[in-house]
Amino acid sequence: MIRLIEPSIPSLRRYARSLVQDAAEADDLVQDCLERAVGRWSQRREASDARSWLFSILHSLAVSRWRRLGRRGREVSLDELDEAELAERATQQDGVNQSDILRSLAALPRDYRSVLLLVGVEDLSYAQAAKVLDVPIGTVMSRLSRGRARLAQIMADGSATQVRTPHLRRIK
Numbered sequence: 031m032i033r034l035i036e037p038s039i040p041s042l043r044r045y046a047r048s049l050v051q052d053a054a055e056a057d058d059l060v061q062d063c064l065e066r067a068v069g070r071w072s073q074r075r076e077a078s079d080a081r082s083w084l085f086s087i088l089h090s091l092a093v094s095r096w097r098r099l100g101r102r103g104r105e106v107s108l109d110e111l112d113e114a115e116l117a118e119r120a121t122q123q124d125g126v127n128q129s130d131i132l133r134s135l136a137a138l139p140r141d142y143r144s145v146l147l148l149v150g151v152e153d154l155s156y157a158q159a160a161k162v163l164d165v166p167i168g169t170v171m172s173r174l175s176r177g178r179a180r181l182a183q184i185m186a187d188g189s190a191t192q193v194r195t196p197h198l199r200r201i202k
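Numbering (my numbering), first residue to last: 31 to 202.
Simulated from the structure, these hints should not be mistaken for lab results. Values in this document were obtained by computation on a predicted structure and should not be read as measured data. Backbone N, C-alpha and C define an ideal beta-carbon position, used for all residues, glycine too. It cannot be assumed that every hint is accurate.
Claimed, not checked - Pair by pair, the computed Cβ-Cβ distance ranges are:
(1) S107 with P40: 25 to 35 Å
(2) G188 with L147: 13 to 23 Å
(3) V165 with E55: 49 to 59 Å
(4) E76 with V162: 49 to 59 Å
(5) G69 with L163: 42 to 52 Å
(6) Q73 with V106: 30 to 40 Å
(7) L108 with R178: 37 to 47 Å
Full structure from sequences and hints, please.
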């Protein structure tokens, strides 16, 4: 086993460094690859080439790391960060945008607004929202679609930002 793995280590390192662009992370990747190869040596097909098997393990581990980093984001030590990088002050425009969204939501009919809030904000599934609202799932889906379209229209028109005063007329 060692005589088949050891000659491939420099090639694995080169490949790992080209994949991740970081020497320390590449060494970790090669280490994980070698651990997995040694631990699962009995699962290797005798007829297959050990070198290509090692490269496929390394590649699979790299893809798994990319996916995990994509979901989780980049890890950075707190000691490496500047205080300014940790937080960002809200701008006046952010407050205006938030107010516009809240006014636009308030301008929606109650049925659309409730579905939008349950599914979009509270992250309930369609089935859960249907149960909460005591309506069929199809109704939730259509209200969500229409609510999103109407919200987009209200936001584009800016009609929620205009002050709405009721029109009164005198009747004699």
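Hint check results:
no. : hint                       : verdict
1   : S107 with P40: 25 to 35 Å  : 30 Å, holds
2   : G188 with L147: 13 to 23 Å : 22 Å, holds
3   : V165 with E55: 49 to 59 Å  : 50 Å, holds
4   : E76 with V162: 49 to 59 Å  : 58 Å, holds
5   : G69 with L163: 42 to 52 Å  : 51 Å, holds
6   : Q73 with V106: 30 to 40 Å  : 36 Å, holds
7   : L108 with R178: 37 to 47 Å : 39 Å, holds
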